[in-house]
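S.K.: We have chain A; now place chain B onto it with these hints.
Residue numbers (the working numbering), protein chains in the order written: chain A, 57 to 236; chain B, 57 to 236.
Worth flagging that the hints you see were computed from the coordinates, not collected in a lab. In this text, all values refer to a predicted model and were calculated from it rather than measured experimentally. Each hint should be verified, as a subset may be incorrect.
Put simply, identical chains are the same to the list, so a pair is met inside one copy or across any two.
To be verified - Computed list of lysine-lysine pairs in DSS-like fashion (alpha-carbon distance at most 30 Å, straight line):
no.	residue 1	residue 2
1	K71	K94
2	K193	K111
3	K66	K213
4	K111	K163
5	K208	K111
6	K222	K94
7	K106	K213
8	K118	K84
9	K111	K71
10	K118	K71
11	K163	K213
12	K94	K213
Number of protein chains: 2
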Amino acid sequence: MNYCSSCGHKISFGKVPEDDIPRHHCEKCGVIHYQNPKMIVGTIPYWQDKILLCKRAIEPRKDLWTLPAGFLENNEKIEEGALRETEEEANADVEIVRLFAVYSLPKVSQVYFLFLANLLNLDFRPGAETLEVTLFKPEEIPWQEIAFSSIKFTLEKYCQNSEPSKEKVFFGSSERGQLL
Amino acid sequence: MNYCSSCGHKISFGKVPEDDIPRHHCEKCGVIHYQNPKMIVGTIPYWQDKILLCKRAIEPRKDLWTLPAGFLENNEKIEEGALRETEEEANADVEIVRLFAVYSLPKVSQVYFLFLANLLNLDFRPGAETLEVTLFKPEEIPWQEIAFSSIKFTLEKYCQNSEPSKEKVFFGSSERGQLL
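Okay, chain A solo, but in the shape it has when bound (with noise of 0.2 Å):
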């Protein structure tokens, strides 16, 4: 952030009045520019004692394996962004069950909401930015191509926990220093 959004002046960062944490702020219009962390939604899509997953079209981690999901957007509520996402990912129609899993990756200011979803068909193919959406029983999911750290703890929790009727939603956190 190198210029105020609101007025185009130069912008400066550190101490705001009330406030422990430096901001980006400028000092001609006085707008503080508040950076927070953003929310990643999509859902473990499941079909008898197979779930979904798409190979990424494109980077990061572009050709390996992932769970449809993608960024919340301002005015959708968590669950619309969710259906959204698989939708857009893998043209797949499916019914939210419950949340199941929270991942932070505070390197990078995310937090994924992975929720249990009950695929409703077969109609599904790939949506612009995926390669390829297929089926998985537990013992075929390709480990050692999983794309992101926060899909690789959703699914070892699903495959160790896979009743959908138990409610408990699984927490977990990248490493201090990890992106992905």
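M.R.: Showing chain B alone in chain A's frame:
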């Protein structure tokens, strides 16, 4: 948003490549300025059959009651943010038990995450943004003086489902046009 925070050029708003959602973007340097919802994280601190509420010292909703909560900061894990806010608002020492409520406010692009938390001692006192910190039995909660719809939702669910051993997370949201 009027100016590019990266190069200071006048900002544009509209279609960007490979995206259905119009974005603020800079036609000079090419940066796309994504805007995403923010997380508000906090706790429901309980002590025997009572829960802790804070009377707000600041706007919005000054003089009304809330749970200790605030914006998650960059480089924080979600649970760390909830603990920090509980300390800042109420100087209360708690231990997180589990996630209890998730509440979306799409109109203002916020999502609340409230964690059930065991209050470890009674050495709480108001922080800078709090006038008063008090323990309430369920039947003593001042329902007409609760600051936010997210907090009213959470307290209602808590009073109806107070067994901390259960794992269910309650999801709610404001009406489409509702601000707080």
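S.K.: Evaluate K106 and K213 at a C-alpha cut-off of 30 Å and name the case that applies: within, between, both or neither.
M.R.: within (15 Å within a copy, 34 Å between copies)
S.K.: Can you tell me if K193 and K111 fall within 30 Å by alpha carbon in one copy, between copies, both or neither?
M.R.: Cα proximity of K193 and K111: one copy only (16 Å, versus 51 Å across).
S.K.: Using 30 Å as the alpha carbon limit, work out where K208 and K111 are close: within a copy, between copies, both or neither.
M.R.: Intra 14 Å, inter 42 Å, cutoff 30 Å: intra-copy only.
S.K.: Can you give me the call for K118 and K84, within, between, both or neither, at a CA distance of at most 30 Å?
M.R.: For K118 and K84, only the inter-copy Cα distance (29 Å) is at most 30 Å; the intra-copy one is 43 Å.
S.K.: When no copy is specified for K111 and K71, does a C-alpha distance of 30 Å or less occur within a copy, between copies, both, or neither?
M.R.: between (44 Å within a copy, 27 Å between copies)
S.K.: For the identical chains here, do K163 and K213 meet the 30 Å Cα criterion within one copy, between copies, both, or neither?
M.R.: within (22 Å within a copy, 34 Å between copies)
S.K.: Are the CA atoms of K111 and K163 at most 30 Å apart within a copy, between copies, both, or neither?
M.R.: Cα proximity of K111 and K163: one copy only (25 Å, versus 33 Å across).
S.K.: With 30 Å as the alpha-carbon cut-off, assign the pair K71 and K94 to within, between, both or neither.
M.R.: both (23 Å within a copy, 22 Å between copies)
S.K.: For the identical chains here, do K94 and K213 meet the 30 Å Cα criterion within one copy, between copies, both, or neither?
M.R.: Cα proximity of K94 and K213: in one copy and across copies (23 Å, 27 Å).
S.K.: Should K222 paired with K94 be assigned to within, between, both, or neither, using CA atoms and 30 Å as the limit?
M.R.: both (28 Å within a copy, 29 Å between copies)
S.K.: Check K118 against K71 for me: Cα-Cα at most 30 Å, and say if that holds within a copy, between copies, both or neither.
M.R.: Result: close only across copies, 25 Å inter versus 40 Å intra.
S.K.: Given a CA cutoff of 30 Å, do K66 and K213 count as a within-copy pair, a between-copy pair, both, or neither?
M.R.: Neither: 47 Å inside a copy, 47 Å across copies.
Going through the hint list in order, the structure does not satisfy hint 3, though it satisfies all others.
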